[in-house]
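Participant: Next come the chains, spelled out residue by residue.
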Amino acid sequence: MSRRIGSALAALLVASAVLAAEEVQVSARADADEVALDGTLNLQITATVSSKGDQAELTLPDLKDFDVVSRSQSEQVAFTFLNGAPTFRRTTVTTVKLAPRREGQLAIEPARVTYKGRTYTTQPISIRALPPGQTPAPKARAQATPPPPLPDPFTEDGALDPFQDVHPQSRDLVLRASVDRERPFVGEQVTYSLYLLARVNVSGIDKLQLPRLDGFWSEEIEAPQQLVGEARIIDGVPYRAFLLRKRALFPLRAGKVQVEPAEVEVMTGFGMLFSRSSTRRSSQPVALDVQPLPEARKPAGFDAGNVGSWTLTASVDPVAVAVGQPVTFKVVAQGRGNVRNLALPKLGQIPGLRSYDATSNDKESIEQGQVTGTRTIEQLLVPERTGAIEIPSLSMDVFDPAQKTYREVRTDPIRLEVHAAPANASVGSQVPAQNLLAAGGLRPIRLRMTRASVEPPPWTRGWFWPLLAVGPVGVALVAGAGRLRRLLARDPAEERVKKARSAARARLRGAEALLEEQRRGSGSAADFHAEVARALTGYLADKQGIAAAGLTREELGRALLDRGHPPGTVRAVLGVLDECDRARFAPGGSDLPSQEARLERAGRLLGELEKVRRSA
Amino acid sequence: MRRLALAALCAASAARAGVSVPPEARGNALFDQANAAYLSGDTSRAVAGYEALLEEGLVSPELETNLGAAYLRQGKRGLAALHLERSLFLDPSDDDARADLLEVRRGNVDKLEGEVEDGGAEAVSRVLAPLPGRPAAVAVVALWTLGWGLLTANFLRPRAALGTSAAACFILAGAAALVTAGSAAAHRLTLRRAVVVAQAAPAREGPSDRAASHFEVHEGTALRIEDEEHGFRRVKLANGLTGWVPSAAVEPVVPAGWSNQHRL
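Chains V and P, in that order, are what the protein sequence lines are.
The opening position of the first sequence corresponds to residue 1 in our numbering, with each subsequent residue numbered one higher.
The opening position of the second sequence corresponds to residue 617 in our numbering, with each subsequent residue numbered one higher.
Rather than coming from a laboratory, the hints here were simulated on the basis of the structure.
Note that this is a predicted model, so its numbers are computed, not measured.
Note that CB positions come from ideal geometry on N, CA and C, so glycine has one too.
Check before you lean on any hint, since a few could be wrong.
Unchecked claim - SDA-like mimics (lysine to any residue), calculated; alpha carbons at most 25 Å apart, straight line:
1. K363(V) <-> A755(P)
2. K346(V) <-> S656(P)
3. K64(V) <-> L106(V)
4. K330(V) <-> A645(P)
5. K346(V) <-> T768(P)
As the list claims (entries may be wrong) - Far from chain P by the CB rule (all over 10 Å, computed), these chain V residues:
6. L58
7. R407
8. T450
9. R509
10. A597
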């Protein structure tokens, strides 16, 4: 026995002596021969030096086919007595987590360790990179002993476990999207959660890109500003689960909907000391089958936005008021659901109350992961008569997805007491005091508006004064026109009087022409004398108004004398007319010279007759 | 800004209603909202609503009265007086506007001393303003023309009834002409009326900032615009005090858009 122990001690001493002689030992190994493209592997480089104070300097190989996800280092110093002398052994283990950049056969080049001017290298390592999602062979990966299971903080009663179907396999970083229910009703809240599962150190996230939530009304529930991990055991592997986002989704229409994947850039590594790297991860899409609201017992005119658990209350402040003073009517809907889509009942016309436009105010809050809210509608009412006025009950139908039933919520009717306004009271005295209204006396404003015309007054218009002149000008025109008409009117008798002399002269010229024809031997003496007689009788008829043809010579003579013609002239006229008659009815009784003399006498007689006319 | 506010309010109302709203109904809705704001003590919103209606070109005595009351509650006495004056111009029989205007004037800083130089123009204007000038002017034209027509008929076919009727028409036309003349006088006086809207403005001897100033006018004071030049208005107070004040400090009671007539 003692011999055995002695041999062993001798061997140990020899081995120790050999180790002491070999001052530096370096090695490298990977924890897997195969790795998926979306997975990682650990490269462990061990350097052991026999020195107390000097440290070996490690230079990582050129990892052109890998991304460095993280890097850690540990150090151990051993102290032993060897042959009575103290011996120090410093072992430094550097662990580098690597993610492959491409598929295929990859090589990890040797690492170099420099110690006291000498360089030592590790052996190269060959790694096979598989397509993303593929599982490396079990033997290719070192299995870690799983720690005891931790309590699961994620599973809630009635909700789906967000990780129940997660199998990360060899992946160190998994972005996981989940919903708490897969078959919600239209308008029912669905909680969408986005987790990052990691079994490497995560120093931060960047560029979180949530999917477009078309077809949903969404509200933020939780958006952590710091990464707080929870321990999770998935497929026997310990992970840290980081909640990145939690949103409430309210489906707007029925049917199958798919929420597209979210994306995030994950930064791994430790702070400033070691290099940080980033890796992009995408979540899986999430499918929802949105159920329509049940048609059974659906109230007529139901508004599809009224989904949730709601209560309805109404109030009036004050409940007793003077006529003409405003009161505030308030309807409040409170409960769980999408308050923004809620359709509240409206107050109709109430006799005796003048109502103004309502204002709406929404408040939302998150309680235990559920969106709750309050919608308040305020309306100003002004009573226009005294007495009791009842504001009727208002009701609203809602669909409660938890109970899967429709129900009606309603307010209580409110009684408003309106009394007469005190004498000399003004609206101004009812409002909060303001600096310049202390004296009061401001009249109530007008509640109804009339349009006024601002057209220029008529007397400034261009038509006013001319229009006033129309009457007098019209009368003047009428009077002037009458006078003009009278001026322009022609009397035929007068016309004949005016033209009597010229007509008689014309006839005498005709007689002269006939006389000329007789001289040439072609004219007739009867025609000549007839023309001379017509000249005189025509003149007497036109000028003197004596129709000589119907009168005897005596009557003609008296008529001429009555008009003031001298008796000599009258006799001469009668004489010429008698001669003409004789010459006309007794042919051959008149020669040319006597005709010329008769023509001349007739012309002279016309002048004498005209003188009397003029003088008359 | 106000047009934007009006557009936003109208768009919101239209969107809520889901139908296109006629302009008159839209105006009434905005008036109701402004009234509600006034009654609830929110005079800033009320003023914004009323001003938006004015920007839209709406002319209403009730609108001017309410705006004047809202400005008075805000302590803007000048603007309050201006809009109450405008209300009285549009509806001289509005006793409420007259009472509110008296309320404004009671608090005026300026108290005029000395004889009334303008011959009580404002009093005359106030008395004559309620006269129904416009219908009287139309009646003058109608009766005058009818009288002359009857006179013409009498000339053409003389009858006693025609002559009597013509004489009656001329008498009535004369009465209507008196009413019209009174109203025209009031109108002419009102066209020159203005109100100080600035809190205070120095009245200078000439239309220049460098001209000497012997007195100052304060918001709410009524005066008459005599002339305008180089950004200044020559104004005359009821007691004859005259000076040049910056144009922006006074606002005419009858805005330019309401009358195409030359003021001076």
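Participant: Among the hints numbered above, which are violated by the structure, and what are their numbers in rising order?
Facilitator: 1, 5 and 8
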